[in-house]
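Chains as they are written, first to last, in numbering that gives the first Met the number 0: chain A, 0 to 417; chain B, 0 to 163.
Keep in mind the hints are simulated off the structure, nothing from the lab. Glycine included, each C-beta is placed from N, C-alpha and C at the ideal position.
Listed below are the simulated SDA-like cross-link pairs for lysine to any residue, each with C-alpha atoms no more than 25 Å apart in a straight line:
#, chain 1, residue 1, chain 2, residue 2
1, B, 30, A, 72
2, B, 159, A, 19
3, A, 180, A, 264
4, B, 84, A, 275
5, A, 180, B, 57
6, B, 8, A, 381
7, A, 39, A, 67
8, A, 52, A, 78
9, B, 8, A, 388
10, A, 23, B, 152
11, A, 43, B, 161
12, A, 69, B, 35
13, A, 84, A, 46
14, A, 75, B, 28
15, B, 8, A, 188
16, A, 43, B, 150
17, B, 159, A, 44
18, A, 286, A, 413
19, B, 42, A, 369
20, A, 151, B, 123
21, A, 43, B, 151
22, A, 69, A, 94
23, A, 84, B, 160
24, B, 42, A, 381
25, A, 151, A, 252
26, A, 3, B, 143
27, B, 30, B, 50
28, B, 84, B, 145
29, A, 69, B, 29
30, B, 8, B, 112
Covered stretches of chain A, as calculated for chain B (at least 3 residues, CB under 8 Å):
#, stretch
31, 61-68
32, 373-384
A few chain B residues that don't get close to chain A, going by computed Cβ distances all over 12 Å:
#, residue
33, 3
34, 30
35, 47
36, 109
37, 116
38, 120
39, 122
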Amino acid sequence: MTQKILAAHAGLDTVRAGQLILAKLDLVLGNDITSPVAVKEFAKLGVDSVFDKDRVTMVMDHFAPNKDIKAAEQCKMCRDFCGEKGITHFYDVGEMGVEHALLPEKGLVSAGYAVIGADSHTCTYGALGAFSTGVGSTDMACGMAIGKAWFKVPSAIRINLTGSLRKHVSGKDVILHIIGKTGVDGALYRSMEFTGSGLSSLSVEDRLCIANMAIEAGAKNGIFEVDELTLEYLREHGAAEPVIYSADGDAEYDEVLDIDLSQIEPTVAFPHLPENARTFAEIGDIKIDQVVIGSCTNGRLSDLKAAAEIMKGKHAAPGVRVIVIPATQRIYLEAMELGLLRQFIEFGAVVSTPTCGPCLGGYMGILAEGERAVATTNRNFVGRMGHVDSEVYLASPATAAASAVTGRITSPWEVDKL
Amino acid sequence: MKYTGNVLKYGDNVDTDVIIPARYLNTSDHKELASHCMEDIDKSFVSRVQPGDIITAGYNFGCGSSREHAPIAIKASGVSLVIAKSFARIFYRNSINIGLAIVECPEAADAIADDDRVEADLDNGIIRDLTTGQEFRTVPFPEFIQSIIENGGLMESIAKGAIE
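Same shape as in the complex, but just chain A (with noise of 0.2 Å):
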């Protein structure tokens, strides 16, 4: 699939994997912390517009609303830059959210779609079949002034999905489960692309969840076929007309992972990679200070839905902090209206307004030295969410919420037995 989006977009008729190639790119993305440097890179260029003001978007979103005066300068710099530019999709405090929760809402791309991000999880949108990675901001500097980038044509890993997810098992612990067997590594320079008899139970949300953390497994993306939900979603939310790649009956692939959803269970990632994946038959009694839910990850309706389930009824365990993040407006507005917001704050939970803030140890959620946190985020490296001494461990928001009421890493399965 991914190497029959490179060829369309680079003109080409077939490409190999290890071809060198340059490709025409749909959409341009930034954030507030890799645009600026994007920013005073398209500046060398001397070049007075972006290729098209449609396809560029900034989203600001990591340190924003601004965390302190440095955080607002750069993001000044942002608005500056898109207001000279005239670029149409410039997200700010009030419209933002979590990117790569954002831009799918907004409709902003599509199946068949080859788009780069100066973020790493830029990779989220395979789950709408389109073409995504991450970059640094000189690519992405370089692709907002001639709407191209290079890359090396990746071989694939398929990921062979069967049957469906039990009860209070999210697409978050597929993709922990997955990197368990590949490491954090196991996938670098190449694409996952993921199909089998099981994608249709996987609700588009999921396959987001899953899609994002490919580049945790170091996969240049992740890809899933497309099929009716993703068109349903596509038509919902408004996105261009989808062009559809399928794989070939007898596309090569450097490996095949048979996944069987049914035997998947409540899986945690430990300190401090994401490939240290541990059931809960592997985990004792680890007692924790503080509970994030949301992020580019897990920030979805469908996330706060399934940790409210578990919430529902309950207060959190004392000395432990709970913050709920919706990761866009609306998703803000859809809880509220569904009544989920009062019922994080009953729990005993804040809900912040959307940002990246604490996944990356931004502001919003600081860990000191010694305190360890479940996190329904992607990453969980030394300092991730704060001191450099301090502890994450990944996990879904069902596990996330049946943690914050025990007080200790708890599965969701647990929980509904109390």
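For chain A, the structure is supplied; the task is to place chain B on it using the hints.
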């Protein structure tokens, strides 16, 4: 392209959060980024590193975030070359795009010890450990990537019309 310097050696999966923690990403000033380079993995890095020094590391160097601030911090701290068993792909292309020299060579990454003096001649694909006398071969970059580096980076390549 020839590089000579003393080695600062690290292990596998050195991520961009330890190369330059997110708490310093509220700036894109190269010197300021360099002053916090490797802070969360090696507090002595900033005081030890000398212009021209070479970093060696294990597998998946630079994994994690797409922050170009990571290779920028390394380059601005004076490091001339990174030798690793493998690089995370975004870090790999970012380094090429900003003109930080990098090379994959598992044998060299294994054998070279911390603080060894190393000379690398990437045009001819040779890395020499001047302390031990050992020599290692590397695979040269494809021509397209070579041209980006020779032109001084991606933007410079576009400005010079090497990429259209």
